[in-house]
Amino acid sequence: MSATEVKASVLHAAGDLRIQVRPLPEPSADEVQIAVQATGLCGSDLHYFRHFRNGQIQVREPLTLGHESAGVVVAVPPTGSPFKVGDRVAIEVGLPCENCGFCREGRYNICRGMNFRSSAKAFPHAQGTLQERINHPARWCHKLPDSLTLEHGAIVEPLSVAMHAKDRSGIKQGSTVLVLGAGAVGLLCAAVCKVAGAKTVIIADILEDRVKFAVENGFADVPFTVPIVSPRPESIDDKLAYAQDVAEKLKALKVNGASEAIGEVAITFECTGVESCMQTAIYSTQPGGKVMIIGMGTPIQTLPISAASLKEVDLVGVFRYANTYRKVLDLLASGNPLLPDVQKIVTHRLKGLNGIPTAFDTAGKVKDEAGNLVIKVMVDMTE
Amino acid sequence: MAPSAMTDIASMQLPIYSKHPNKVNASVLHGPRDLRLEVRDIEEPGPGELQIAVRSTGICGSDVSYYKKFANGDLCACAPLSLGHESSGTVIALGTQVHGFKVGDRVALEVGVPCGQCGICRKGRYNLCKRMRFRSSAKSVPHYQGTLQERINHPANWCHKLPEHVSFEAAALLEPLSVAIHAINRASPAPGSTALVIGAGTVGLLTAAMARQSGCTSVTITDVDAGRVNYAVKKGFATHGFVVPQPSHTPSSNSSIFTNSGSSTPLEPGAMTPASLYPNTIHGQLVSAKNLASDILSLSKLPPNLQGDDEDEGVDVTFECTGKEACMHTSLYATRPGGKVVMVGMGTPIQTLPMSAAHLREVDILGIFRYANTYETGVRLLSAQGRGGVGFAFPDLDDMVTHKFKGLGAAKQAFELASKTADEDGNLVLKVVIEV
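Keeping their order, the protein sequence lines are chains P and E.
Letter by letter, the first sequence follows residues 102 to 484 of our numbering.
Letter by letter, the second sequence follows residues 4 to 439 of our numbering.
Calculated directly from the structure, the hints in this document are not laboratory data.
Because the structure is a prediction, the values reported are computed rather than measured.
Just so it is clear, CB atoms sit at the ideal spot from N, CA and C, and this is done for glycine as well.
Be careful, since some hints might not be right.
No farther apart than 30 Å at their CA atoms in a straight line, the calculated lysine-lysine pairs in the BS3-like style are these [said to hold, decoys possible]:
#	chain 1	residue 1	chain 2	residue 2
1	P	K452	P	K273
2	P	K300	P	K222
3	E	K72	P	K340
4	P	K452	P	K313
5	E	K133	P	K352
6	E	K407	P	K412
7	P	K300	E	K126
Over the 12 Å line for every Cβ pair with chain P, so calculated as not near, a few chain E residues [stated by the list, open to error]:
#	residue
8	F73
9	D77
10	K105
11	D108
12	A141
13	H146
14	N160
15	H185
16	K238
17	K304
18	H332
19	P340
20	Q354
21	H362
22	F397
23	L431
My request is simple: use the sequences and hints to build the entire structure.
Written out as structure tokens, the structure reads:
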């Protein structure tokens, strides 16, 4: 049988997205062919779209974006497959080497030979999921429970980041938690902390509407709008004074009806990548606590490092995820009352490959033209 | 044998009433470099207390900082303060409600007294107790006086009995050893791990030894001082040593490399990197740090036929014992993905760091503040010394005491020397001890 042709969204330069036709061979013995149905857009996709680079990673050849996806199996190899045509799957797009020390010790997310779809790190680039169909190793596809939608399947990816962060944090039942940043990842981090039994989750953002959304929809307990100062602090002393002031305000927060302030938290999830938030995170966390570094931002930061080390507040990096897809799917299907309705983070849906440019435009905004919050933009490829 | 400096204030008459049970001589700091020998009242030991005749006190960096500046980092002393916190002595009196001690017992002093009742104390991390009172620190007010006094009353619960063969000097070193033990506890390197220790002062040396003790098969120690690196490798604190070129030196001065594996590989002379063209920008500094990390890692490489593809990814854990920003940079680049950088001791409070090197490779940054639940381990380690048998032999702590001063009156000279890395004759200054 000959290869089919599929249409794909391909980035050729900053802002230059084109729909192209590509050949797609039959799935090999260990693959399945998937019609991608739902793809969420994330900050890294946006960065590539706007700048043709992500941090220090430069795009070196045309690249299809998208990595938060779910779809339907449309072809399996004739030799056999754990899947059958029609199965709905969440796609884990990071393919590690499965042979190195990191893979063998279970930390495949930091495998040096990782091929992550839509990332320009490896070359040739592993093409992303904003295509009609892809062939993907069956062992990196995860069957969706019947009760979950394809959008849920796409949400598994950012929810995996949150789950991995929660696992690395060692959060205990009854902990107090601070989440900095109420975008999609911050909301999902807050949600997994609630599920893990956190007593109180504070969520903070510069945008009041986002923190209200978080609390109104059950992602977090206590909202905090971070005050912006104008003009912005310039010297390091002014910056740290600002960060400390924000921390003091956070520590003074009270849960509704409580008489005691929350004080320093056990764990802070830093989801913005903004330097001043890292500084605030250090000041807000209790001795012996942890700051989880999730937000990818400024690569070089000036931090009050002894404020962390003298309190034994550990700075713990979180890079993607490993061994999370199955348990995230189980969690989503479990009906756990502590878990909010995560599908609510999908605020905008665009249809088909033709909707992709608008999807990127919308994803780059904090609010749409009607003034509604933009949290997660989903590209719907269903017929 | 370490040289002993006799105080030339021997000619000064010590007050006769220093033998009076309720008066003691004490070394008291009143301001920068204003150290005075004074007489203080001392009460009978209270319930739960021991009265200890302090016999040996080591001087550490924080003591030297108080001596020079009457401050340590952001912490300023606001009243006269006796320094000293690395001490051992003899029990000379018991308060009521004391069990397990008798007059004459030789003890090491754990000088940090936490509240014992708060959440963090109950969880076992009492070093982080917000109501901690630590002798010689200006943190609590009134200041909890340090151990450079003839006698002190100290809670019996915070005194640790010593085996016969452990000297007072070695026992005084249980305090910095505790910092090293705590660092290893927090890092918990798996047996067979590789470690890098940056800084070969007392804390770096003891941390390196503890890394070996806990099963690290290769421990590389670095310092700008060749004497210290040489000492570290020769005495077995580390398996490999690397002398870091001073920042002011030109790149053409070679780093010297010491290993006790018998072979040494000289660096390429005159290696110029682009960083040397703009060393003062953060980017220049980071490039230098990356190059240095690479040079350090190449030391402990396996032989070519045993190397996998994973070589040069970094060590499992780096213990940063200098507190300097540039050394943090090197630490982050020298540690493998998924590894840990442990910040031991007080350092530069605000640092500009390549955080993405930590974040995107899941290199965790752990801080260390003093110690908790380490003294008994230290005593066991010292007790085990000399038993022989196979396995790593912990280096002799007495040997680290390079300079001894006799009498509290000699404290000033002791402090002056402790702030240097070499004495007038060019000999290594590692640990300076005041014996009473």
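The hints, checked one at a time:
1. Taking the CA atoms of K452 (chain P) and K273 (chain P), the gap is about 41 Å. The hint is violated against a cut of 30 Å.
2. Using a Cα cut-off of 30 Å, the hinted pair K300 (chain P) and K222 (chain P) is violated, with the two alpha carbons roughly 39 Å apart.
3. Restraint check: the Cα-Cα separation between K72 (chain E) and K340 (chain P) comes to about 27 Å, which is no more than 30 Å; the hinted pair holds.
4. Restraint check: the Cα-Cα separation between K452 (chain P) and K313 (chain P) comes to about 28 Å, which is no more than 30 Å; the hinted pair holds.
5. Restraint check for K133 (chain E) and K352 (chain P): satisfied, since their Cα atoms lie roughly 16 Å apart, inside the 30 Å limit.
6. Of the pairs offered as hints, the one joining K407 (chain E) and K412 (chain P) is violated, with about 34 Å between alpha carbons and a cut-off of 30 Å exceeded.
7. For a cut-off of 30 Å, the pair hint linking K300 (chain P) to K126 (chain E) stands: about 18 Å separates their Cα positions.
8. Separation of F73 (chain E) from chain P is adequate, the least Cβ-Cβ distance of about 20 Å exceeding the 12 Å criterion.
9. Not every C-beta of chain P lies more than 12 Å from that of D77 (chain E), the closest at about 9 Å, which undercuts listing it as non-interface.
10. With a least CB separation of 37 Å from chain P, K105 (chain E) remains clear of the 12 Å interface cut-off, as annotated.
11. Every C-beta of chain P lies more than 12 Å from that of D108 (chain E), the closest at about 33 Å, which supports listing it as non-interface.
12. With a cut of 12 Å on Cβ distances, A141 (chain E) stays outside the contact zone with chain P, its closest approach being about 14 Å.
13. No beta-carbon of chain P is positioned within 12 Å of the beta-carbon of H146 (chain E); the least distance is around 18 Å.
14. At roughly 22 Å, the least C-beta separation between N160 (chain E) and chain P is larger than 12 Å, which holds for a residue marked as non-interface.
15. Distance check for H185 (chain E) against chain P: the nearest CB is about 10 Å away, which does not clear 12 Å, and the non-interface claim fails.
16. Every CB of chain P is more than 12 Å from the CB of K238 (chain E) (nearest about 28 Å), matching its label as outside the interface.
17. Every C-beta of chain P lies more than 12 Å from that of K304 (chain E), the closest at about 15 Å, which supports listing it as non-interface.
18. Against the 12 Å criterion, H332 (chain E) falls within the reach of chain P, whose nearest CB is about 10 Å from its own CB.
19. With a least CB separation of 4 Å from chain P, P340 (chain E) falls inside the 12 Å interface cut-off, contrary to its annotation.
20. Look at Q354 (chain E): its CB is around 5 Å from the nearest CB on chain P, not clear of 12 Å, so calling it non-interface is violated.
21. With a cut of 12 Å on Cβ distances, H362 (chain E) falls inside the contact zone with chain P, its closest approach being about 4 Å.
22. Remark: the non-interface label on F397 (chain E) is consistent with the geometry, its nearest Cβ contact in chain P lying 26 Å away (cut-off 12 Å).
23. In this structure L431 (chain E) is separated from chain P by more than 12 Å, as the shortest Cβ-Cβ distance comes to about 28 Å.
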